[in-house]
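Colleague: As a plain string of letters, each chain reads:
10 protein chains.
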Amino acid sequence: MIIQGIVNPHVQSLLCRVRHTNTLVIADAAFPFWPQIETVDLSLVRGIPTVIQVLDAILPNWKGGEAFMAEEFTAHNDRTQQAAFKRACRGLKMTFESHLEFKNRVPHAIGLIRTGDTTAYGNVILVSV
Amino acid sequence: MIIQGIVNPHVQSLLCRVRHTNTLVIADAAFPFWPQIETVDLSLVRGIPTVIQVLDAILPNWKGGEAFMAEEFTAHNDRTQQAAFKRACRGLKMTFESHLEFKNRVPHAIGLIRTGDTTAYGNVILVSV
Amino acid sequence: MIIQGIVNPHVQSLLCRVRHTNTLVIADAAFPFWPQIETVDLSLVRGIPTVIQVLDAILPNWKGGEAFMAEEFTAHNDRTQQAAFKRACRGLKMTFESHLEFKNRVPHAIGLIRTGDTTAYGNVILVSV
Amino acid sequence: MIIQGIVNPHVQSLLCRVRHTNTLVIADAAFPFWPQIETVDLSLVRGIPTVIQVLDAILPNWKGGEAFMAEEFTAHNDRTQQAAFKRACRGLKMTFESHLEFKNRVPHAIGLIRTGDTTAYGNVILVSV
Amino acid sequence: MIIQGIVNPHVQSLLCRVRHTNTLVIADAAFPFWPQIETVDLSLVRGIPTVIQVLDAILPNWKGGEAFMAEEFTAHNDRTQQAAFKRACRGLKMTFESHLEFKNRVPHAIGLIRTGDTTAYGNVILVSV
Amino acid sequence: MIIQGIVNPHVQSLLCRVRHTNTLVIADAAFPFWPQIETVDLSLVRGIPTVIQVLDAILPNWKGGEAFMAEEFTAHNDRTQQAAFKRACRGLKMTFESHLEFKNRVPHAIGLIRTGDTTAYGNVILVSV
Amino acid sequence: MIIQGIVNPHVQSLLCRVRHTNTLVIADAAFPFWPQIETVDLSLVRGIPTVIQVLDAILPNWKGGEAFMAEEFTAHNDRTQQAAFKRACRGLKMTFESHLEFKNRVPHAIGLIRTGDTTAYGNVILVSV
Amino acid sequence: MIIQGIVNPHVQSLLCRVRHTNTLVIADAAFPFWPQIETVDLSLVRGIPTVIQVLDAILPNWKGGEAFMAEEFTAHNDRTQQAAFKRACRGLKMTFESHLEFKNRVPHAIGLIRTGDTTAYGNVILVSV
Amino acid sequence: MIIQGIVNPHVQSLLCRVRHTNTLVIADAAFPFWPQIETVDLSLVRGIPTVIQVLDAILPNWKGGEAFMAEEFTAHNDRTQQAAFKRACRGLKMTFESHLEFKNRVPHAIGLIRTGDTTAYGNVILVSV
Amino acid sequence: MIIQGIVNPHVQSLLCRVRHTNTLVIADAAFPFWPQIETVDLSLVRGIPTVIQVLDAILPNWKGGEAFMAEEFTAHNDRTQQAAFKRACRGLKMTFESHLEFKNRVPHAIGLIRTGDTTAYGNVILVSV
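Residue numbers (my numbering), protein chains in the order written: chain A, 1 to 129; chain B, 1 to 129; chain C, 1 to 129; chain D, 1 to 129; chain E, 1 to 129; chain F, 1 to 129; chain G, 1 to 129; chain H, 1 to 129; chain I, 1 to 129; chain J, 1 to 129.
Treat each hint with caution, since some may be false.
To be verified - Only pairs whose alpha carbons sit at most 27 angstroms apart, straight line, appear in this in silico BS3-like list of lysine-lysine: (1) B/63 x C/63; (2) A/63 x I/63; (3) C/103 x E/93; (4) J/103 x A/63; (5) F/103 x D/103; (6) B/103 x I/63; (7) E/103 x G/103; (8) J/103 x A/103; (9) D/63 x F/103; (10) A/103 x C/93.
As the list claims (entries may be wrong) - Coverage of chain F stretches by chain E, computed from C-beta distances (three or more under 8 angstroms per stretch; other residues unrestricted): (11) 6-17; (12) 35-44.
Hints in this document: simulated from the structure, not taken from any laboratory.
Bear in mind the structure is a predicted one, so any value in this text is a computation, not a measurement.
All residues carry an ideal CB built from backbone N, CA and C; glycine is no exception.
Assemble the whole structure, with the sequences as input and the hints as a guide.
Modeller: This is how it looks when you write it as structure tokens:
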């Protein structure tokens, strides 16, 4: 039995398939459903788990790259929440763009991990180096 | 979009298929893998989510029935932890039996929800009325 | 066993996958078949179940959004029937458009629940907030 | 488009596969789930549709045979309900046996149609001539 | 066991999925194969069964609509054969168009029932009301 | 396009897989459904096609072997019908046994071709040389 | 067990699906792989079987139509080889076109039978009448 | 493109899965069909290809082991044929046993390659070292 | 993109499913094929990769447990090779048993990782704590 | 059991399907994931196995053709590494093009073998003669 790290078989399989220039969506509970994107749904009820918990699980073993979020995230969340997401991104270059532009990236993603997060516009797209 | 309750499609589908006398396993992170049992794996890392979070999500809309746990759970956990599981079971009749007897129930289950819980012997089998 | 709410596994799974801006079609018995849309067929014979029964099952746990129907619905049904559908929509903003426009929305839907309803043009498209 | 009779593709397909000596289960909402039996789940919420609605749909085009129910059905339902089920069986020979014996027939069934019926022990097994 | 009507599970399932404006192809033995169209192949050898036998099975429980055939059918068959197809169509509005136009309808069909019929251009497309 | 012989892809595929000592069931419309046996369902309505039509299609290119039927076939059919089946078997050694013994052979068959035949006990099991 | 003709289940199934205007590719060992075309791969090693053996198996029961080959076949093979292919085509109208044009036909084919043949440009496309 | 050796993807995949103590059946055209055994069917018509052609393709790159055949092979074939099979086995230890014992080995095989061979009892089971 | 650790999606998925008391087989190139066991085949040619490379990849993040090998491994390998395997097992309790007993464990394993290793009896079964 | 050459069933199957003009990608560990391309993932950890090991396995039995690499490979690797790749290509005509042009070839490939190689731009596309 493995000791540490992510223990979910589907999440691990997906992470091994995100490589150079590939993107991965970490979505909140209400983010639209994309039938054509491979989805790992970890949600239980609203609030469990959070996007930050998923970032905390993935990023310690993640190689550089960028993170995208919707500009609307900044407008709809207070400083504490914004700081928490920034910290969770562990120094990745963060780009904020319109929610529409953000959603245009989804069809090109390798996969999407859905959480139960209720943060407004609390979705993050990781682009691998 | 639904307002409240469980938001995970696979968990909801599974719950609708647990009926009279059927059983459902809520397993901790380390509980053996049972390839022949339909499994919803909600685990992310150790500790996320917990078995109690799953019970809290399911039992408010759950009809009576029983709950089974391993006797070893009592021996390996302090009173606080034991009380927390009892409270989470919301008055269901709880039966403690040997871990071996407990595991003999698994092959007859309709499904298993795996968590990241690290509570020793923190597995619960719900038997529907 | 769950106590209340929708007891159908496929309907529950589908509802959990309708999120921000996603749409869901509730169709009468004669609405065209769309092979490319995930379909839950609840119909038995003409009249069982009705579109209103499905709305009554879904909307108590449904977050705002809009409802679309064909304009032809108004022309082909009396006031009682129109009032019944309005009541069933529980205050959702209702938009009536041509049947052709209505059908153009279907290919973008997350899923379709087919009933046995015989109300003329008795189809409703729910758009999630 | 067909004019009359059962309009559900899966129900129709199943009925065409029930032949000499084959059996078909019409189950209430709470009847145990049998993963190994082909199941058409028509349930929406408790009460929709009923077992009698399914019998009314099937039996007008059904050739003789028998119907089995649990003895417990008689003990737990009043005369009106009993008469309704009898009428719905349209003269089929009805046999009442213990719920345990009744359930032993299920694994041999060709299929099971699940309803939302809440009648106590309101399950019927049709055995084809 | 059902008493009368179509006894083939696949044909029945297909018919239940042909609804408003949907089309169904009844093809002779030599009509081109369309891999992308759901096909029920009832053919045994040339001549068994015929397109008219399929029409006779379907149309008694079929709601209005139209029937399309190739103009070439008229040129290649005598009056008796033409009358037989007309009778089999039971008063449906029949439209004759070029074989090319006729074949352009096929990719939009819900399904195709293949027979062993050897009538020249003996293919019929049913369009549901 | 092939000129003569069986034109049904599934029937042809099945026939190529019936070899030394393998058996093939040709069943009437009402013969029990065997979910575990590969089945080609050629039935349309009662009477179409017949078991004899299937035998006439298969046996001209069939190497010796035996044919089994139920003894009850003899009791329930007149001489004309019996003679027709005998002729259709084209000199194969025919063995009549109890319907129960006959049905015990089915689970060992390579496949089953279902017809719409209504001849009482009109089922034939071909055993390849 | 069938007496004569093609004994391969997949080849027989494919042939029954090649009808009016449909095409079938008989390919040599080195012909490009077309993942989107249903392929029956009969090859063992180079030289086994040959394209001519496949033509000899198919064409005795084949209705008219045309055969296409690449012009390059003529340039790269001696008279004996050319005569052998012509003989194998049994009077079908043969058209030679550039290898590029030839390959443009492949995506429209119903299927492809791959051989182990090593004849240069030894591929044949049969077009059914 | 590979230069030499077996060019069939399925045969190559199967050979890579035959390892220590595993067995592989090379069957003639009439050998019974075993639905539960992974089968590569290379047969075209009777005689193409032969069992010896398959042995010639496999054994040059085959590590020791044994070969089993039915004793009946010896009784039903002349010396030339026997010698040809022996030569094809390239020094493998050959064991002849009753056809019944031979067939008892089949359900344990990793796979079966079917040929069109017509040699009486011309089946060989290779047991890997 | 992940930085370190196992980069193979299937291996990672399998490891996440090996839990309390579950077993995992690391097999050499020639170990028998077990069709019923989920297999990740990492082999390329003999010698690539080795069992020790797989152990080195897995065990740094592996929780206690035991390792089983065949006694024959000791008899057929020199001290250097034995020491290398022991070192690779990183202090796991190692048990040597007969190759027959060893193979009896395989059908109970969660999965098998096949290597190209050529070490005699170089197979290891890891049993999770 | 085969003696020499590639022992991986999936790799062998893929190689048999790369023919005239078809292409095969040998990718390093970080090369983007292409969900639509059939992928054999041989990677274990970074460095195991290498692209050169795969070339060494494939090219001894490979017929001519070309090899493509990214120009960036030359810029990012020293002479030793460049020489090693050249040697591994065994005289194939090697073409260096921009990484972008290189990646444009991937969607047309028959398959992709992923390694654990960490060589910068260490990807090779083999084009078959």
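Colleague: Indicate, hint by hint, whether the structure satisfies it.
Modeller: The hints, checked one at a time:
A threshold of 27 angstroms between alpha carbons decides the hint, and for residue 63 of chain B with residue 63 of chain C the separation of about 26 angstroms falls inside it, so the pair holds. For the hint linking residue 63 of chain A to residue 63 of chain I, the alpha-carbon distance of about 26 angstroms falls within 27 angstroms, and the restraint holds. About 25 angstroms separates the Cα atoms of residue 103 of chain C and residue 93 of chain E, which keeps this hinted pair within 27 angstroms; it holds. Proximity of residue 103 of chain J to residue 63 of chain A is assessed by CA-CA distance (about 22 angstroms); at most 27 angstroms being required, the pair is judged to hold.
Distance check on the hinted pair: residue 103 of chain F and residue 103 of chain D sit about 25 angstroms apart at the alpha-carbon level, within 27 angstroms; holds. The hinted pair formed by residue 103 of chain B and residue 63 of chain I meets the criterion: a straight-line CA distance of about 22 angstroms does not exceed 27 angstroms. Simply put, residue 103 of chain E and residue 103 of chain G have alpha-carbon atoms about 25 angstroms apart, close enough for the 27 angstroms limit, and the pair holds. For the suggested pair residue 103 of chain J and residue 103 of chain A, the alpha carbons sit about 25 angstroms apart, so the restraint of at most 27 angstroms is met.
Of the supplied pair hints, the one linking residue 63 of chain D and residue 103 of chain F holds, its CA atoms being roughly 21 angstroms apart against a limit of 27 angstroms. Annotation: proposed proximity of residue 103 of chain A to residue 93 of chain C holds, straight-line Cα distance about 25 angstroms (limit 27 angstroms). Only when three residues or more bring their CB closer than 8 angstroms to a CB of chain E does the claim for the stretch 6-17 of chain F stand; here the count is 6, and the claim holds. Figure legend: the stretch 35-44 of chain F, annotated as covered by chain E; annotation consistent (4 residues with Cβ-Cβ distances under 8 angstroms, at least 3 required).
Taken one by one, the earlier hints all hold for this structure without exception.
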